[in-house]
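Trainee: These are the residues of each chain, in order.
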Amino acid sequence: MKRGTKTLKEGFARMQKGGVIMDVVTPKQARIAEKAGAVAVMALHAVPADIRAKGGVARMADPAVIKQIMGAVTIPVMAKVRIGHFAEAQIIEELGVDMIDESEVLTPADEEFHIDKKKFKIPFVCGARNLGEALRRIDEGAAMIRTKGEPGTGDVAEAVRHVRQVGREIDELVSVKKHRGMLRSKAEEYGVPFGLVEKTANIGRLPVVNFAAGGIATPADAALMMQLGVDGIFVGSGIFKSSNPEKYARAIVEATRSYDKPAVVLKVSRGIGDAMPGISTKNMPDSQKMQLRSR
Amino acid sequence: MRVGVIGFQGAVSEHMEMVDAVLGRGSAVAVRSAEDLEGVSAAIIPGGESTTIGGLMRSSGVFNKLRELGKKGLPLWGTCTGMILLAKKGDEQTKRTGELLGLMDMKVRRNAFGRQKESFEEKLQVKGIGKFPCVFIRAPAADEVYGKCKAIARFEGRIVAAEQDNFLATAFHPELSGDLRFHRYFLGKL
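Chains as they are written, first to last, in UniProt numbering: chain U, 1 to 295; chain P, 1 to 190.
Source of the hints: derived by calculation from the structure; they are not laboratory data.
Treat each hint with caution, since some may be false.
[As the list claims (entries may be wrong)] Pairs of lysine to aspartate or glutamate residues, derived as DMTMM-like cross-links and limited to a Cα-Cα distance of at most 25 Å, are as follows:
#1 P:Lys-123 <-> P:Glu-144
#2 P:Lys-107 <-> P:Glu-122
#3 P:Lys-117 <-> U:Asp-62
#4 P:Lys-95 <-> U:Glu-246
#5 U:Lys-118 <-> P:Glu-118
#6 U:Lys-119 <-> P:Glu-38
#7 U:Lys-267 <-> P:Glu-68
#8 U:Lys-6 <-> P:Glu-156
#9 U:Lys-178 <-> U:Glu-188
#10 P:Lys-123 <-> U:Glu-10
#11 P:Lys-71 <-> P:Glu-38
#12 U:Lys-67 <-> U:Glu-111
#13 U:Lys-177 <-> P:Asp-91
#14 P:Lys-117 <-> U:Glu-10
#15 U:Lys-261 <-> P:Asp-36
#16 U:Lys-6 <-> P:Glu-118
#17 P:Lys-131 <-> P:Glu-118
#18 P:Lys-189 <-> P:Glu-68
#19 P:Lys-95 <-> P:Asp-143
#20 P:Lys-150 <-> P:Asp-36
#21 P:Lys-117 <-> U:Glu-93
#22 P:Lys-148 <-> P:Asp-91
#23 U:Lys-2 <-> U:Glu-94
#24 U:Lys-35 <-> U:Asp-274
#25 U:Lys-261 <-> P:Glu-38
#26 P:Lys-117 <-> U:Glu-188
#27 U:Lys-28 <-> P:Glu-92
[Said to hold, decoys possible] Ranges between beta-carbon positions, derived for each pair:
#28 U:Glu-172 <-> P:Lys-131: 40 to 46 Å
#29 U:Leu-196 <-> P:Ser-33: 34 to 40 Å
#30 U:Arg-31 <-> P:Gly-147: 33 to 39 Å
#31 P:Gly-147 <-> U:Ala-64: 43 to 49 Å
#32 P:Gly-26 <-> U:Gly-271: 39 to 45 Å
Where is the CB? At the ideal position from N, CA and C, for every residue including glycine.
Chain U on its own, in the form it takes in the complex:
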């Protein structure tokens, strides 16, 4: 019997496709998310908007609370750890969480190295702003990629930028796929093995499941990201910072499923209350951008 293989890690991520993964901080929120049709919940100590507002050092959630969340729902439970903090990841794995998000939402523990994710039996998801970041994380063992976007803002613009950027760079690879020399220099530029670049060029997409995250706040935002070609949606503050989390959660699930049917997205967008208060990312100083915390 084999456990913790690449097939099992990437296969787990494949089972999430087309779904919505919701940030939760309590067992009660986890049950609301499950009831609304979330495919998984992400346990953390505070939603990104609160982390942003509060400042200070953001760490993994209290294991006792994560355990309560695991007991409250039957869908998979994920948890965030600090970038490079492999000891937090070891604790989360020991706890029995289904997937780890090595996340820029928390305060990075290592400015130089990400976690060596191949050493773990459970799968990892990591954020990326461009193809180089995505392939480096995959090379480190990530089973799933998500856009970084700009967490806790409710501004979808950065997630859009990142998904377009990755798409553009994959198109470039595809256009030179017959030229091994050019692929080789791309591999060098990205700092990843040639084989990974070649594979990406051949299949014309990221070799693992790719979700949108970071600023998705409304059903329309979810429909937009799905039409831009992502495999599914992470919603952080968008649900539990809205005026009616139950309705918002259900509406975002429904919009993710029917992303290409405007009539359905219209129907679910009506009468659901107010979206989370937003912060525009346009004039945000770099020092406040979580997406710049790793590369």
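Since chain U is already given, all that's left is putting chain P on it; use the hints.
Mentor: Frame of chain U; chain P shown alone:
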């Protein structure tokens, strides 16, 4: 010939690629409404989250249509979540999945082998197919089969694949194994 893959959530494209590899390009269609089931010769319910897929099948009308077609003899195959939905009975956790299609005489258990940490790969003997590389991801299992339902693979005493007339259920994921034999076997029912 068209084969429908219930296309709301989960390993949809993986099944479609395997179906296309067996029957030829364009044979697989993603089913997201009851109308999408018109004229299909068989259907597959993929793995994903059973609560989500079950809910979306019910709200879209696919659930009732699939049950009706299944009763009329349409070949149906459920993998993982699909296995749960095909069953008549389930354990306590399965209650969260909501109503089941109730087409196969078996009692299923959700997350029978534990969480993702306990997910595993194992080569198992499958009746009618032979040794097959089975990929189990937070997989269910059947505690018992009765009536017309027959177990075709077991692991550690649990039933992980079953067959009943036009219905096939697997707790594991042949669409992730890179081995087409299971898809050939199911599509051989057409």
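Trainee: Regarding the pair Lys-35 of chain U and Asp-274 of chain U, is the alpha-carbon distance no greater than 25 Å?
Mentor: 20 Å, holds
Trainee: Just to be careful, I want the Cα atoms of Lys-189 of chain P and Glu-68 of chain P compared with a cutoff of 25 Å; is the pair within it?
Mentor: With Cα atoms ~18 Å apart, Lys-189 of chain P and Glu-68 of chain P stay inside 25 Å; holds.
Trainee: Next pair to validate is Lys-6 of chain U with Glu-156 of chain P; report whether the Cα-Cα distance is within 25 Å.
Mentor: Given that 25 Å is the threshold and the Cα spacing comes to 24 Å, the pair holds.
Trainee: Is the hinted range of 34 to 40 Å satisfied by the C-beta distance from Leu-196 of chain U to Ser-33 of chain P?
Mentor: The hint (34 to 40 Å, Cβ to Cβ) holds, given that Leu-196 of chain U and Ser-33 of chain P are roughly 38 Å apart.
Trainee: Does the structure keep Lys-67 of chain U and Glu-111 of chain U at a Cα separation of 25 Å or less?
Mentor: Roughly 29 Å between the alpha carbons, so the hint for Lys-67 of chain U and Glu-111 of chain U is violated.
Trainee: Given the hint that Lys-117 of chain P pairs with Glu-188 of chain U, does the C-alpha gap stay at or below 25 Å?
Mentor: 34 Å, violated
Trainee: Is the Cα-Cα distance between Lys-178 of chain U and Glu-188 of chain U 25 Å or less?
Mentor: It holds: about 17 Å lies between the C-alpha atoms, which stays within 25 Å.
Trainee: Would you mind confirming whether the straight-line C-alpha gap from Lys-131 of chain P to Glu-118 of chain P stays at or under 25 Å?
Mentor: OK: Lys-131 of chain P and Glu-118 of chain P at ~22 Å, within 25 Å.
Trainee: So if I understand the rule, the pair passes when the alpha-carbon distance is 25 Å or less; does Lys-261 of chain U with Asp-36 of chain P pass?
Mentor: 15 Å, holds
Trainee: For the pair supplied as a hint, Lys-117 of chain P and Asp-62 of chain U, confirm whether the alpha-carbon distance does not exceed 25 Å.
Mentor: Holds - the C-alpha atoms of Asp-62 of chain U and Lys-117 of chain P are around 20 Å apart, at most 25 Å.
Trainee: Against the 25 Å threshold, does the CA-CA distance of Lys-261 of chain U and Glu-38 of chain P hold or violate the hint?
Mentor: Holds, at about 20 Å.
Trainee: Between Lys-28 of chain U and Glu-92 of chain P, does the CA-CA distance stay at or below 25 Å?
Mentor: 20 Å, holds
In this structure, the hints that do not hold are numbers 6, 7, 12, 13, 20, 26, in rising order.
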